[in-house]
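Visitor: Residue strings, one per chain:
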Amino acid sequence: MLKLTEQVYDTIRRHGEETYPHECCGVLLGHSEDGVNAVEEAVTAGNTRTDSAHNRYQIAPQELVKIQRLGRERGLDIVGFYHSHPDHPAQWSTTDFAEAHWLGCSYVITAVEKGAARQTNSFLLTGTNEEDKSFENERVEVEALEAERCR
Amino acid sequence: MKIHIPTPLRVYTDKQDTVGVEASTVGQALDALTAKHPELKKHLYTEEGKLRSFVNVYLNDEDIRYLPEKEATKVNGNDALSIIPSIAGGCGRPEKDLS
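Going line by line, the protein sequences match chains S and L. Residues in the first sequence are numbered from 75 upward in steps of one, following our numbering. Residues in the second sequence are numbered from 885 upward in steps of one, following our numbering.
Hints are computed from structural coordinates only; laboratory data are not their basis. Treat the hints with care, since some could be wrong.
[To be verified] Cross-link-like lysine to any residue pairs, in silico, SDA-like; alpha carbons within 20 Å at most: (1) S/Lys140 <-> L/Phe938; (2) L/Lys925 <-> S/Lys188; (3) S/Lys188 <-> S/Thr85; (4) L/Lys934 <-> L/Gln912; (5) L/Lys934 <-> S/Lys140.
[Stated by the list, open to error] Not everything, but these chain L residues come out facing chain S in the computed CB check (under 10 Å): (6) Leu893; (7) Val895; (8) His927; (9) Arg936; (10) Phe938; (11) Asn944; (12) Glu946; (13) Asn962; (14) Ser966; (15) Ile971; (16) Gly976.
Bear in mind the structure is a predicted one, so any value in this text is a computation, not a measurement. Glycine included, C-beta positions come from ideal geometry on N, C-alpha and C.
Taking the hints into account, I'd like the entire structure generated from these sequences.
Guide: Here it is as structure tokens:
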């Protein structure tokens, strides 16, 4: 299961709307325990696939190094990644699968249709190595901040 | 020096997110890491002993592939290596569908 705060959920969907018709991408920071990836922060990243941003994304490893460092400073781990599919279903593609290497992490995809975020789905990359990895559909639980609700 | 381990590989380092090693070069540091945690080796390297194409290794903020001396680059106790598997993908929607 993937747990997101409402703020993170809104951030990743809004990012997809802002970059439309191109794919957005970013990193999810939080903690992983007992089969749950709990996200506390979404960090937007640049898409280096400027040659084909309408249907491809890539996060520069150099940027990932900095985001991982930021996570360490905040006591957070990289627990997943997000990207958008402009005018395309929120379902992993063969490219998404071939390029997925962070076993145990959640890969979140938002379908952005004509500039508006629609479905957001999450897929857990399971397995122990490149040869047996697979994506599993993962339930997404969005938690509203109780403190905000009480105001 | 420190070697920062990405979340997928921590299962092979007794859950440590950072491993300390003694080394004078990048190559020695990676050798020391796989000597300490042998199960890591097949996840980092091909059978031919080269870093797997999707495994990026950074010395501080520099990709070791582009350092002049690559794995022979000297390191000291203040340096840190980061192992970063690639992140990429995309819907693959054909360009002809663009409106």
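Visitor: For every hint, state whether the structure bears it out.
Guide: Right, here's what the structure says about each hint:
Of the pairs offered as hints, the one joining S/Lys140 and L/Phe938 holds, with about 18 Å between alpha carbons and a cut-off of 20 Å not exceeded. The hinted pair formed by L/Lys925 and S/Lys188 fails the criterion: a straight-line CA distance of about 45 Å is larger than 20 Å. Note on S/Lys188 and S/Thr85: the hinted pairing holds, with a Cα-Cα distance of about 18 Å set against a maximum of 20 Å. With a C-alpha separation of about 14 Å, the suggested pair L/Lys934 and L/Gln912 falls inside the 20 Å cut-off, and the hint holds.
Proposed proximity of L/Lys934 and S/Lys140 is contradicted: the alpha carbons are some 25 Å apart, above 20 Å. Hint status for L/Leu893 relative to chain S: holds, with the closest Cβ pair at about 9 Å, below 10 Å. A cut of 10 Å between beta carbons decides the hint on L/Val895: the least distance to chain S is about 8 Å, and the hint holds. For L/His927, the interface hint holds, since its Cβ comes within 10 Å of a Cβ in chain S; the closest pair sits about 7 Å apart.
At its closest, the beta carbon of L/Arg936 sits 8 Å from a beta carbon of chain S; the interface hint therefore holds under the 10 Å criterion. Checking L/Phe938 against chain S: minimum C-beta separation of about 5 Å stays under 10 Å; hint holds. Interface hint at L/Asn944: satisfied, since its Cβ lies 8 Å from the closest Cβ of chain S, which is below the 10 Å cut-off. Nearest Cβ of chain S to the Cβ of L/Glu946: about 8 Å, under the 10 Å cut. The hint holds.
With a cut of 10 Å, the hint placing L/Asn962 at the interface with chain S is violated, because the nearest CB-to-CB distance is about 15 Å. Satisfaction of the interface hint for L/Ser966 is found here, the shortest Cβ-Cβ separation to chain S being roughly 5 Å, below the 10 Å cut-off. Look at L/Ile971: its Cβ gets to within about 4 Å of chain S, closer than 10 Å, so that hint holds up. Interface hint at L/Gly976: satisfied, since its Cβ lies 5 Å from the closest Cβ of chain S, which is below the 10 Å cut-off.
When each numbered hint is compared with the structure, violations occur for hints 2, 5 and 13.
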